[in-house]
Amino acid sequence: MITLEQVKNHPDVKVYIKKANDFLGVIGYTEHGERHGNYVAKNARKILEELGYDANSCELAAIAGYIHDIGNVVSRHSHPEHSAHLASQFLKELHMPVEDRVLVMSAVGNHDEGACDIVSPVSAALIIADKSDVHRSRVRSLKEIKFDIHDRVNYAVTKSKLHMNAQNKTITLILDIDKEISDMVEYFEIFTARMVACRRAAKLLECTFDVKVNGSS
Numbered sequence: 001m002i003t004l005e006q007v008k009n010h011p012d013v014k015v016y017i018k019k020a021n022d023f024l025g026v027i028g029y030t031e032h033g034e035r036h037g038n039y040v041a042k043n044a045r046k047i048l049e050e051l052g053y054d055a056n057s058c059e060l061a062a063i064a065g066y067i068h069d070i071g072n073v074v075s076r077h078s079h080p081e082h083s084a085h086l087a088s089q090f091l092k093e094l095h096m097p098v099e100d101r102v103l104v105m106s107a108v109g110n111h112d113e114g115a116c117d118i119v120s121p122v123s124a125a126l127i128i129a130d131k132s133d134v135h136r137s138r139v140r141s142l143k144e145i146k147f148d149i150h151d152r153v154n155y156a157v158t159k160s161k162l163h164m165n166a167q168n169k170t171i172t173l174i175l176d177i178d179k180e181i182s183d184m185v186e187y188f189e190i191f192t193a194r195m196v197a198c199r200r201a202a203k204l205l206e207c208t209f210d211v212k213v214n215g216s217s
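Going by full-length UniProt numbering, the residue at position 48 of the sequence shown is 48; the numbering climbs one at a time, nothing skipped.
Fair warning: there could be bad hints in the mix.
Distance ranges between label pairs, derived from CB positions [said to hold, decoys possible]:
1) Phe23 <-> Asp210: 20 to 26 Å
2) His85 <-> Lys212: 16 to 22 Å
3) His85 <-> Glu206: 30 to 36 Å
4) Lys203 <-> Lys42: 21 to 27 Å
5) Val26 <-> Asp117: 41 to 47 Å
6) Lys143 <-> Gln89: 36 to 42 Å
7) Ser137 <-> Glu5: 20 to 26 Å
8) His10 <-> Gly114: 25 to 31 Å
9) Glu189 <-> Ile27: 38 to 44 Å
10) Gln6 <-> Gly28: 32 to 38 Å
11) His95 <-> Asn168: 38 to 44 Å
12) Val102 <-> Glu206: 20 to 26 Å
Keep in mind that the hints were calculated from the coordinates and are not lab data. Because the structure is a prediction, the values reported are computed rather than measured. Beta carbons are placed, not taken as given, at the ideal position from N, Cα and C, and that holds for glycine.
Let the sequences and hints guide you as you build the complete structure.
Structural data, given as structure tokens:
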């Protein structure tokens, strides 16, 4: 079984993640680097672990979570497809079995909320983990908060946690939002499509998805 640590130590992966994040910074996007990759990997693994999936599926979800944005080194447009193709190259070099490789590729290639087909538990875990990463630590510059709604909404989130309840089959995104920075209308303007994708992903896992803001659902 190929592990997340092996993928992290692949020299190409380190370059892809760093450069993809650098390029997105130039065009004004929030952080998509090591912090984001580690967050998504950790929570994608956690989702499947707590639902009782086998160790290999959990590891594949973590790997997909870590590398899902590397295609941004090619272009922000169609980056999921670029990410999947790039991932195939180095996963093959690491001798990942083809059955596992295609699971990672299909999950990575379908993680964009605008056009995602949730095709497996690995895919579902990736989507939920990715779309739940909203937090002020993703904002690169405080100068843009007044002008950029994405930065403002992320910066307003002072605490973010993805909570699993395997017994009740619920997945809850718990947020503390400073409404003096951004109100709930702005939040849902940006995140509605992402939350809908999370709900669809949770359904494949036979779970429900909910968002709790400042203590209220």
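Inset, instruction - May I ask which of the numbered hints given earlier this structure violates, with the numbers listed in increasing order? - result: Hints 1, 2, 5, 9 are the ones this structure does not satisfy, whereas the remaining hints hold.
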